[in-house]
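J.: Chain residues, written in single-letter form:
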Amino acid sequence: MRLLVVEDNDRMAALIADGLQRRGFVCDVALNLAQADDAMAGAQYDAIVLDLGLPDGDGIDWLAGRRKYHQMPPAIIQTARGALEDRITGLDAGADDYVVKPVEVDELAARIRALLRRPGVRTQPIIEVGALCFDTASRSASVANRKVDLSRREADLLELLMRRAGIVVHRDVIENALYSFNDPVTPNAVEAAISRLRRKLDEAALPDMLHTVRGVGYMLKDNPS
Amino acid sequence: MTQRRSVSRRLRRGLGIIGLIGTVLLLAAVAFFYSFTFTHLDPQAAMMRAIKEMMEHVALPLIVLLVPVTIMVLRVIRQAFVPLAEAAAEIEAARGHERGFRIDASQMPAEAVPFTEAVNDLLTRLDESAMRQEAFAADVAHELRTPLALLSLELDRLDHDDAVRLKTDVAAMRRLIDQLMLLAQIDADAAAQIAPEPTSLADVASDVVGAIAPGIIAEGKMISLDTDEPAPIVNVRREAVAAALRNLIENATRVTPTGGTIQVRVGPGAILAVRDEGPGLTPDRLRDLVQRHRRADHASKTGAGLGLAIVERIMAAHGGRLTTDPATRELALRFPEP
Chain W
1 MRLLVVEDND RMAALIADGL QRRGFVCDVA LNLAQADDAM AGAQYDAIVL
51 DLGLPDGDGI DWLAGRRKYH QMPPAIIQTA RGALEDRITG LDAGADDYVV
101 KPVEVDELAA RIRALLRRPG VRTQPIIEVG ALCFDTASRS ASVANRKVDL
151 SRREADLLEL LMRRAGIVVH RDVIENALYS FNDPVTPNAV EAAISRLRRK
201 LDEAALPDML HTVRGVGYML KDNPS
Chain S
1 MTQRRSVSRR LRRGLGIIGL IGTVLLLAAV AFFYSFTFTH LDPQAAMMRA
51 IKEMMEHVAL PLIVLLVPVT IMVLRVIRQA FVPLAEAAAE IEAARGHERG
101 FRIDASQMPA EAVPFTEAVN DLLTRLDESA MRQEAFAADV AHELRTPLAL
151 LSLELDRLDH DDAVRLKTDV AAMRRLIDQL MLLAQIDADA AAQIAPEPTS
201 LADVASDVVG AIAPGIIAEG KMISLDTDEP APIVNVRREA VAAALRNLIE
251 NATRVTPTGG TIQVRVGPGA ILAVRDEGPG LTPDRLRDLV QRHRRADHAS
301 KTGAGLGLAI VERIMAAHGG RLTTDPATRE LALRFPEP
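Quick mapping for you: the protein sequence lines, in order, are chains W and S. Taken in order, the first sequence gives residues 1 to 225; the numbers are from this note's numbering. Taken in order, the second sequence gives residues 1 to 338; the numbers are from this note's numbering.
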């Protein structure tokens, strides 16, 4: 997994790259936008970690500008700006996620992994969350090479939750993803699907992975053992 | 002198003295002239005659003149002070959104205008001074982020038991800085008078609870959201309200034991409420906590007292209130009904 870290403070850039490398990513560093352009021309990256205030321009403008003409990998913006509006401005401008400085490498790595699980340019055929694997081609799930039997709808639900592992997926998002306009959605159809999926995960010796946030949605999470 | 000097009282006293001196002087003058006119009468009759004349021509005109003058003057004075009383009421009503407040000088009598303008100038200077302080606090918080980020990243490289503890401390500092930045942002928005927008409290609550839930679940606690239909729509600044709710939930999470549930409720009415499994907070204690410098527990490294002070500030900026109900262990954000 190759990343480009664009950050003007060279010590910070080196430390972030080092931290990410220790978590299994390959990292290149660009100290300004010109270097970032050069790096993008020379290599294919899976994700970009982008600082905003760079000596030769603004990260958001650069990203928005490049998005017009190039196929771009997902980008995470590092913002040191005010706590309120800037985050949203960044997401509107085409960033896929943001982290607020001072950033924790663990959090950054988790966000990058979540980003790479999303359907995108270089989709991986197998999604993994802990011991649970999902093959997007055969639409089947397995735990330690033992297949977990799932209905089509349960497989869709599991894929959705796995792609956003560690994040709460809202109920209406699940409803929209699982049921088309013509499908009659009974009020507790999602609950029923979730409880079936939870039972199957329990049977596959993966208990407590599927969490309910009552009134909001559901979250699939790897349990640190 | 304990009695405050009142203009009306001084005027009454002045008019009284003028009346008294005038009466005495006029009486003396009249008596002097009558003493020549009534020489043909015996002293007894002359005295009676003089008293009668004086009543008719001195006392009566004086009373006729002085009483209406006194009434008129007191009336004028009372009316002249009405704009002052109104300005006082306006100033009192501006409690909670003092920033940018000025006294309306257009209704003031000319004599009070210099004073009003001086006070307005003072308010301008206070606003500017507060803005400089806030900008400074925001700058400090901003500048602290880079060294803190470096420290945090260096700690990440250390493979030592102490590193975990140190990382917790750095995380607490980071949280505090976030809170300071948020506070600066609220003040800056208040100064810029950013317009609120119609916002569904249910949407805000759903977003905030969804975003914060992973951390709460990781701590072995649970969170739930109940929405009362129809979901209330209020005119607010969405991000500020989200920050307020986030702070309340973080506060609730801190006092809720492992295995416990934090319950967030939307409505009925324009209310966002957070119930925890802590000991509950009395209104007095809440008032103490929101006074920014009187912190609940000074050992708190997470900026808890600051958090509630920020919530209070956000609610005040929206014309709402932060309330507590110790019986139900619930803190509520109450917005003005649209």
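Quick caveat, the hints were computed from the structure, so don't treat them as lab data. All residues carry an ideal CB built from backbone N, CA and C; glycine is no exception. Wrong hints could be hidden among the right ones.
What the hints assert, rightly or not - Derived, one-sided and incomplete: chain S residues facing chain W with beta-carbon distance under 8 Å:
id, residue
1, Arg145
2, Ser152
3, Ile217
4, Asp226
5, Thr227
To be verified - Stretches of chain W that chain S covers, calculated by requiring three or more beta carbons in the stretch to come under 8 Å of a beta carbon on chain S:
id, stretch
6, 95-105
7, 156-170
8, 206-220
J.: Are there hints from earlier that the structure breaks, and if so, what are their numbers?
T.: Going through the list in order, the structure violates no hint and respects every one.
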